[in-house]
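Take the sequences, apply the hints, and build the full model.
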Amino acid sequence: MNAVMKPVDQRNARIRLRVNGEDVDVSFAPYKTLLEVLREDLDLTGTKHGCELGECGACAVLVDGQPLLSCLKLALECDGSVVETIEGLADGPELHPLQAAFSDHGGSQCGYCTPGVLMTAKGLLDQEPNPSRDRIKEALSGNLCRCTGYQQIVDSVEAAARAINETTVSERRAKA
Amino acid sequence: MSTGKKLDVIGHARRRIDGREKVTGQLRFADDLKLPRMLHMKLLRSSHPHALIESIDVARAKGYPGVHLVLTGRDFPVSFGIMPVAQDEYPLAPERVRYVGDPVAAVVAKDEQTASEALALIDVKYKSLPTIATPEEALAQPEARIHDYTDSGNIHRNQAFEFGDVAEALAKSDHIFEDLFFYEGDNHMAMEQHAALAKAEGDGKLTLWTSTQDPHYLHRQLARVLQMSAAHIRVIACDNGGGFGGKCDPAGHEFVVSKAALMLGRPVKICLTREEVFYLHRGRHPVLMKIRTGVTKEGKLTGMHLQTLLDGGAYGSHGPASTFYTGVLTPLTYELPRFKFDACRVFTNKPACGPKRGHGTPQPRFGQEVQLDKIAEKLKLDPADLRLNMVTKANSLTASWLKIGSNGLAECIRQVVEGSGWKQKHGKLPQGRGVGIACSSYMTGAGVSIYWNKMPHSGVQLSLDRSGQVTVFCGATEVGQGSNDVLAAVVAETLGISTKEVRCITGDTGITPIDLGSYSSRVTIMMGNAALQAAGRAREMLVTAAAEQLEVLPESIVLSRGRVFAAGDAAKSMSFAEAVVYAETKFGTLGTVGSYTPPKPPGKFKAAGVGPSPAYSFSACVVEVEVDEHTGWITVPKIWIAHDIGRALNPVLARGQVIGSIYMGLGEALMEEQVFRRLPPKLSNALVHKIPSLLEYKSITSLDMPEVEVFLIEDPDPNCPFGAKEVGQGPLLPVMPAVANAVFDAVGVRIDEVPITPEKILRALHLKREGKNPRVGPEHFPEVPYVEPTFVIPPAEGGDGKESQQPERKPAQKLMERAMS
Chain C
1 MNAVMKPVDQ RNARIRLRVN GEDVDVSFAP YKTLLEVLRE DLDLTGTKHG CELGECGACA
61 VLVDGQPLLS CLKLALECDG SVVETIEGLA DGPELHPLQA AFSDHGGSQC GYCTPGVLMT
121 AKGLLDQEPN PSRDRIKEAL SGNLCRCTGY QQIVDSVEAA ARAINETTVS ERRAKA
Chain U
1001 MSTGKKLDVI GHARRRIDGR EKVTGQLRFA DDLKLPRMLH MKLLRSSHPH ALIESIDVAR
1061 AKGYPGVHLV LTGRDFPVSF GIMPVAQDEY PLAPERVRYV GDPVAAVVAK DEQTASEALA
1121 LIDVKYKSLP TIATPEEALA QPEARIHDYT DSGNIHRNQA FEFGDVAEAL AKSDHIFEDL
1181 FFYEGDNHMA MEQHAALAKA EGDGKLTLWT STQDPHYLHR QLARVLQMSA AHIRVIACDN
1241 GGGFGGKCDP AGHEFVVSKA ALMLGRPVKI CLTREEVFYL HRGRHPVLMK IRTGVTKEGK
1301 LTGMHLQTLL DGGAYGSHGP ASTFYTGVLT PLTYELPRFK FDACRVFTNK PACGPKRGHG
1361 TPQPRFGQEV QLDKIAEKLK LDPADLRLNM VTKANSLTAS WLKIGSNGLA ECIRQVVEGS
1421 GWKQKHGKLP QGRGVGIACS SYMTGAGVSI YWNKMPHSGV QLSLDRSGQV TVFCGATEVG
1481 QGSNDVLAAV VAETLGISTK EVRCITGDTG ITPIDLGSYS SRVTIMMGNA ALQAAGRARE
1541 MLVTAAAEQL EVLPESIVLS RGRVFAAGDA AKSMSFAEAV VYAETKFGTL GTVGSYTPPK
1601 PPGKFKAAGV GPSPAYSFSA CVVEVEVDEH TGWITVPKIW IAHDIGRALN PVLARGQVIG
1661 SIYMGLGEAL MEEQVFRRLP PKLSNALVHK IPSLLEYKSI TSLDMPEVEV FLIEDPDPNC
1721 PFGAKEVGQG PLLPVMPAVA NAVFDAVGVR IDEVPITPEK ILRALHLKRE GKNPRVGPEH
1781 FPEVPYVEPT FVIPPAEGGD GKESQQPERK PAQKLMERAM S
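If you read the protein sequences in the order shown, they are chains C and U. Residue numbering for the first sequence follows our numbering, starting at 1 and increasing by one per position. Residue numbering for the second sequence follows our numbering, starting at 1001 and increasing by one per position.
To be clear, the hints were calculated from the coordinates, so they are not data collected in a lab. Given the structure is predicted, the values throughout are model-derived calculations rather than measurements. Watch out, some of these pointers could steer you wrong.
Below, simulated DSS-like cross-link-like pairs (lysine-lysine); rule was C-alpha separation at most 25 Å, straight line [to be verified]:
(1) K1403(U) with K1600(U)
(2) K1760(U) with K137(C)
(3) K1034(U) with K73(C)
(4) K1374(U) with K1423(U)
(5) K1454(U) with K1006(U)
(6) K1006(U) with K1600(U)
(7) K1423(U) with K1380(U)
(8) K1005(U) with K1374(U)
(9) K1698(U) with K73(C)
(10) K137(C) with K1698(U)
(11) K1110(U) with K73(C)
(12) K1110(U) with K1403(U)
Cβ pair distances, simulated, as ranges [to be verified]:
(13) M1455(U) with N165(C): 51 to 59 Å
(14) A1133(U) with Q66(C): 31 to 39 Å
(15) R135(C) with N1773(U): 20 to 28 Å
(16) K1205(U) with N165(C): 54 to 62 Å
Examples of chain C residues lying across from chain U (beta carbon under 10 Å, computed) [to be verified]:
(17) S27
(18) Y31
(19) L44
(20) G50
(21) E87
(22) Y112
(23) L144
(24) V154
Don't be surprised by glycine CBs; every beta carbon is placed ideally from N, CA and C.
Okay, here's the thing in structure tokens:
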């Protein structure tokens, strides 16, 4: 019965993260994934889980700007990382163009896969502001959605890309 | 109802009322909830497909640090089940396990990790029993019984109905087509795994937050199993991360977590793993079908004899209803003077099957629509024309006594034929490319409740106050389909305000009027009609008070865009909030209610309640495929779907339901399957799930999904709120047969079963090259001891809707026997 010898408090791992623009110090049991630390220790429950095995994309967040399946990453490996989650996507009350587009074009039905899809799409648009439809489908092919049939998701990402580009153009004009 | 004004809200594309919280991560699903002092639960599941539990030793698990409670079947003496006639399941198996994954014990601990570790310390001794893997085995081995409560062997349900003498109709037909089809089972695969959080309130009452489509039925079952007054239980259906029927059954963990919370006086939460969701299942039944159809040389149907054999898995679930649904909706699409169906559901040692999107009807529709393609081929008729020439009429009765109201099927067929360029494509595309067509129909809400009662199916309560706020309460459950948006839209349109001004409180048995749940495509019509009544009553009060204040006739008052005014007199106007103030002054505190009960079905025979609906939707679908003859790989470049929706309340959401249905149907057509395998004898010979993970359970990704062109046919149905019929399930149904028919058009082989995999295509192409029948599908239909059918004379033959007592109307089987002897 050596199991009885197990330490009762396992929250002995500690890392620093920059999450959605805020520096946080978090301690947790060392076996935890980034997903578990976000959801359970930082109360960022916007990030979801659908499979625990890196198969569905519901847990996607941006780590140092890159989409990452947080259920496959030990939190301990993330010390010093910059993490973006769905909670940080809007600018205060102002929705990110992706969020507005998903609301208006049916990109989100039950909403469960939505945070992962949105963060993956943000990762794409941050790198490629004008992706083709096929490129969007490719970038989102690791995010499973059971409701939409993907068509309105792709429509939403396209609409958001247009909106972002229009804003950028008008901002440039305003500066000129 | 008509308010005499043009519609401000209904029919306009709008951001759904819960759109913002869905995209900001603020929507709380059950597993997102956390309460002070909350504990976590994990379940130990059976590793045996069929065994007696000889003993369970939980002592070591109980003593493990951090463990608060261990429960076993002994703690749950009362069984449950969604259907009153199939209460055959226990929260934790008391003495016998019936499939790999059956829950046998639960550990509640300070965290999930500790609970999981303690599960490994529970010692269960099993005594293996013979395992039944297939319906054929179940019929052949009646003595290895999985349940003792059924009439005989492993037959769970046996149902048979005959509407008119089918043997006679077939005998008089120019052609008889007999085909066997098989439809593999599949899982809902909702992205959210089931989670539940139970809390013993300070007053000793229970609150359960859970992923459920049917909080009302769960509420009743909790009272039964926990042996507690239902009035002391509150079920809150959290927003569901998809349901598709997979969250309709009460689930074992919901009872266990509740009991644990009551025993410990602390909140307890559980979230199933994806593997456990595949074990809980309740998905599409695997169904073997035999269809005999009589046809005239002009291509009109004379009669059909449909036989189905359902693989039910280990428990009843919705099985009795599922069994009916493999037959009852078949006659809705085409004129069919006589119809007989025999349906049998058997138990096997696999996770229980239940309702999945389309509940029991995709399987026979697949068979029927593929057979029609064969009929058209044989009669050298265009498959679209064949269908168009025999569609059912609006305001008619089927041979089986279903009342069809509005019917847009002909228009659906015309739209997809034109939109897809069918006439230029069918039979004319190069080898390897083809198109297929299929149609379907689905009910807009089941006409009867799951348990017998005469009360409303949906209730809505509305409260307004002097601030101008409008709050609407309804037991309806959001599964992602947008039911809250429908509720807000109906109220907003009636009161002349925007949906943003309506607060919806839904799916909470403690504070919302009862709605039966999100199943059978019933929410829009039933909740919507109840909301229309409640809002109409509130509108009356506002109109009366405003007319008095504005000194005009009540008939002239218009409520629109947040204003209450006299038609044609711009000066006589006030804001909506001012009108509420006048109404509150005049009538006192404002509140109204509304409810909805579906009309009585026209059939009067026993079980005539299954199938009737206040309205039916219709769909037609054309699928184009490209088949690589070297690899068997099927590519689907495009799908056209026309859906007779009555009216689209919010076109963005309606289109989303249609495209989502196409997606799910295409997955079932091409790849999805919940299948099992036996381990080798030198291991345990156990029957295990082949693929309990999302990587191995293949579903369509954004890369596989074709473009879908949607045609919404809008002819408002008088029974529906603003004319809106169902849209969540119907459009799935024609996809699978349309794919099979397109494959035939492309490469000339028949795949009479789903999923239609590359391997099956290659096998069929091989048969074709060898000059054999180029068909892959079931070869044999077992001897099923179907019961004598209930014989009912069809309306067109002068029937009265009751079971026929006329001695000369012998059941067809006997007539056939006589004819054969």
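A quick look at each hint next to the structure:
Taken as a hint, the K1403(U) and K1600(U) pair is honoured in the structure, with Cα atoms around 10 Å apart against an allowance of 25 Å. At most 25 Å may separate the alpha-carbon atoms for a hinted pair to count; K1760(U) and K137(C) exceed this at roughly 28 Å. The suggested pairing of K1034(U) with K73(C) holds, with an alpha-carbon distance near 23 Å, which does not exceed 25 Å. For the hint linking K1374(U) to K1423(U), the alpha-carbon distance of about 18 Å falls within 25 Å, and the restraint holds.
Annotation: proposed proximity of K1454(U) to K1006(U) is violated, straight-line Cα distance about 36 Å (limit 25 Å). Straight-line distance between C-alpha atoms of K1006(U) and K1600(U) comes to about 32 Å, which puts the hinted pair past the 25 Å bound. At roughly 14 Å between alpha-carbon atoms, K1423(U) and K1380(U) fall within 25 Å of each other, so this suggested pair holds. Among the hinted pairs, K1005(U) with K1374(U) is inconsistent with the structure: their alpha-carbon atoms are about 50 Å apart, more than 25 Å.
Of the pairs offered as hints, the one joining K1698(U) and K73(C) holds, with about 24 Å between alpha carbons and a cut-off of 25 Å not exceeded. About 17 Å separates the Cα atoms of K137(C) and K1698(U), which keeps this hinted pair within 25 Å; it holds. Distance hint between K1110(U) and K73(C) is fulfilled; the C-alpha atoms sit about 24 Å from each other, no more than 25 Å. Distance check on the hinted pair: K1110(U) and K1403(U) sit about 56 Å apart at the alpha-carbon level, beyond 25 Å; violated.
A hinted range of 51 to 59 Å for the beta carbons of M1455(U) and N165(C) is consistent with their spacing of about 56 Å. For the hinted restraint 31 to 39 Å between A1133(U) and Q66(C), the CB-CB distance of approximately 46 Å leaves it violated. Separation of R135(C) from N1773(U) is about 44 Å and departs from the stated range, judged on CB atoms against 20 to 28 Å. For K1205(U) and N165(C), the hinted distance range of 54 to 62 Å is satisfied, since their beta carbons lie about 55 Å from each other.
Annotation: interface hint on S27(C) violated; nearest CB of chain U at approximately 14 Å, more than 10 Å. With 10 Å as the threshold, the beta carbon of Y31(C) comes within range of chain U, its nearest partner Cβ sitting at about 7 Å, so the hint holds. Interface hint at L44(C): satisfied, since its Cβ lies 8 Å from the closest Cβ of chain U, which is below the 10 Å cut-off. Hint status for G50(C): holds, given a least beta-carbon distance of 5 Å to chain U, under 10 Å.
Among the interface hints, the one on E87(C) holds; its C-beta lies about 5 Å from the nearest C-beta in chain U, closer than the 10 Å criterion. Given hint, Y112(C) at the interface with chain U, holds; its Cβ is 3 Å from that chain's nearest Cβ, closer than 10 Å. For L144(C), the interface hint holds, the least distance from its beta-carbon to any beta-carbon of chain U being 6 Å, beneath 10 Å. The beta carbon of V154(C) comes within 7 Å of a beta carbon in chain U, closer than 10 Å, and the hint placing it at the interface holds.
The structure fails hints 2, 5, 6, 8, 12, 14, 15, 17 (numbered hints given earlier, in ascending order).
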